[in-house]
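K.L.:
Now for the letters of each chain:
Number of protein chains: 2
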Amino acid sequence: MTAALQGIKVLDLTHVMSGPFCTRQLVLLGAEVIKIEKPGDGDVMRYYGHDPQFGRNSPNFVGYNAGKRSVALDLTTELGAEALRRLVADADVLVENFRPGVLAARGFGWEECKAIRPNLIYCSISGYGQESILRDNPAYDHIAQAMSGLMSLQGGPEDPPIKAGFPLIDTFSGYMAAFAIVSALLRRERTGEGQRLDVSMLDASMVLMSSMILKYNATGVVPPRVGNKGFSLSATADMFQTKDRPISIGANTDKQFEALCKLLKLEHLLEDPRYANASGRWEHADTLRPVVREAIAEWHAEELEVALNRVSVPAAVVRDLAGIVAHPHFNGRDTFQTIQVPSWGRETKVLNGGFGADADAPNSDLPPPDLGEHTEDVLRSIGFEGEELQQLLAEGQVQ
Amino acid sequence: MTAALQGIKVLDLTHVMSGPFCTRQLVLLGAEVIKIEKPGDGDVMRYYGHDPQFGRNSPNFVGYNAGKRSVALDLTTELGAEALRRLVADADVLVENFRPGVLAARGFGWEECKAIRPNLIYCSISGYGQESILRDNPAYDHIAQAMSGLMSLQGGPEDPPIKAGFPLIDTFSGYMAAFAIVSALLRRERTGEGQRLDVSMLDASMVLMSSMILKYNATGVVPPRVGNKGFSLSATADMFQTKDRPISIGANTDKQFEALCKLLKLEHLLEDPRYANASGRWEHADTLRPVVREAIAEWHAEELEVALNRVSVPAAVVRDLAGIVAHPHFNGRDTFQTIQVPSWGRETKVLNGGFGADADAPNSDLPPPDLGEHTEDVLRSIGFEGEELQQLLAEGQVQ
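Chains as they are written, first to last, in our numbering: chain A, 337 to 735; chain B, 337 to 735.
Careful: at least some of the hints might be erroneous.
Said to hold, decoys possible - No farther apart than 30 Å at their CA atoms in a straight line, the calculated lysine-lysine pairs in the BS3-like style are these: (1) B:565 to B:591; (2) A:450 to A:565; (3) B:374 to A:591; (4) B:345 to A:345; (5) B:591 to B:579; (6) A:685 to B:565; (7) A:591 to A:565; (8) B:345 to A:374; (9) B:685 to A:565; (10) A:591 to A:579; (11) B:591 to A:374.
Stated by the list, open to error - Residues from chain A that face chain B, not an exhaustive set, calculated with beta carbons under 8 Å: (12) 553; (13) 586; (14) 656; (15) 657; (16) 685; (17) 691.
Claimed, not checked - Label-pair restraints from in silico Cβ distances: (18) A:557 to B:647: 32 to 40 Å; (19) A:702 to B:606: 41 to 49 Å; (20) B:623 to A:663: 41 to 49 Å; (21) A:667 to B:494: 28 to 36 Å; (22) A:383 to B:492: 42 to 50 Å; (23) A:702 to B:591: 29 to 37 Å; (24) A:633 to B:717: 54 to 62 Å; (25) B:493 to A:662: 19 to 27 Å; (26) A:658 to B:494: 13 to 21 Å.
Hints were generated in silico from the structure; no laboratory data involved. Keep in mind the model is a prediction, meaning the values are calculated, not measured. All residues carry an ideal CB built from backbone N, CA and C; glycine is no exception.
Please model the complete structure; the sequences and the hints are all you need to start from.
P.N.:
Encoded structure:
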């Protein structure tokens, strides 16, 4: 058994979200990731949420950094820079998400690193890319959601713009970086060549929203906001209220519509020529929808979910996180992995890679690193000893 | 120059969205993708939106399938199945997004395909995975958004659940499949072994929402809905109304808050001890927010965007798709690629891979295939000729 990235060394100069999320995916495929943190406090993600019970290992820090090694290194000192040079010489991949130009100003731009390690894969993640006219603009996820048009797509025609409720663009940009890196490793395996990769949140969001962008580019029409309707815009593909909780239903095809009507005891709709096909049901949605809505309101949501799926009509109760995480679907799957968090004195469930495989599936149950936990080990492994080692350890002291 | 997937042959048995989006990413990295479509109509995505001007090449079909070859093949006939067997024997990767069990019932499950091509990478994409208790449930993107808890996260505390405004889970699942496939190709390059990959929309959505799930798993507290606030929940990280359009601002740190106040001529806030640090500003958000809101309302959105970014405060006008696609950021970048669509008699802009590289960046400007356009060529290449070829062409006739 050999995981895809077994033996691959990743030098991780990232912080907060997109970068650590990226390199976590690489950990799960077997890579050895060395996380460089600034002495003192380390990655600000360690304190995300500022919940004292988690100290400097916030749940999100834990989930994104489990299985990595942490080295506290002051890159602004001569010896710190020398240590980084030796780490670059030993790395297959370098990932960074500083603002464009910051690492180059410190002597660790692509050209410099390539000179140290010719077949290096060097991946930068930033808000707008290394060459954009906007490259100097700072970016957070919710800013990228505004900029990219993503906020403009959520909600109904009368609603204000609405943000996705989680750091979607950070997450997807990090995932794109992981994809780019694995592609570059495959290319290196086949050609021996390194590669410089440039991931930007704004460009990544265009790919993410491609379904809407493609239509817009071809028609010049800004897509209407459709609220909770399915993308088919069918009257029977929408969110409906039941006796208890809302449910989303997707009855698009004639077959699905027939099954829905039979289950809801609305067989008379099947005789109505207005509703005989999808375009008729779309045209007469205003008369169809209230009838269906009324019938659905008589059901309990979970019972209706089961009954609809049994007759092959896509449907799901609108769950919250508590509802889905506890779902028996996950029993026996390795979607979540239980890991120990030493500083908490207990375990937690983090995300695995999200896909399965017959062999060498994504997998790592290693704990998150404490700040600087591996500084000494790693520095020794790249040849530091004696006074130099002591000086580096002093420079990299953690609070 | 050798692109990462140059020479890699992908047999694409997918339709609609997640699968074609996945294999489009592989095209952009140099793979040869053969799309198998059902005779007659082909992929239903061809008709998405039912706009007559696009015929059977809807903008979304075009964007997801450009650069592939199309073979119309009836898998239910003896000769059609024989053709598929030969294609499998010749493939590096097979991707499919039928309901679990459908391909196996036709004799093309993982075990059967592995027997034909031992080092094959076989990737399935489905709603709930190949082994889930929910495997037989049909799934659409908006159903997965309900099921996964994703809808529950959008909007403010008083809002109903709100769907992401584009097929987010379909898109991300397809991207995850592309990541899994490239990882598997790297593993195959290093070990010689094929792999069976199992991507599910529900599990992919957990990874996508990991930021919220990690917190929930560690605390047991369902995260509050925060509307358009930044994830810092700072009073000055939110969407605000200007004289014309809304703008999102992210002033979290002391430095950003100071720059914001100076620009808005609210220097007096900097003297106020309540607002001296982030936790104070969070605690006194109710008094701080209205003052900031009033000052922002005096600006024009685009002027404020420029002014704030100039002083390193993250900010972006809340744009719609027209606003962002026309942004000069994209000038000279290859985020979009212009391709010819022969059946439209004109060109359109599709998405490229979303990231840049110094060499062998994602790239393909090939047109989308007409239904069955490459049937004869491909069948000849796998040895069909004479009567058998004619019979297959007859079976695969397109309407």
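K.L.:
Find the hints from earlier in the document that the structure breaks and name them by number, from lowest to highest.
P.N.:
When the structure is compared with the hints, numbers 2, 8, 22 turn out to be violated.
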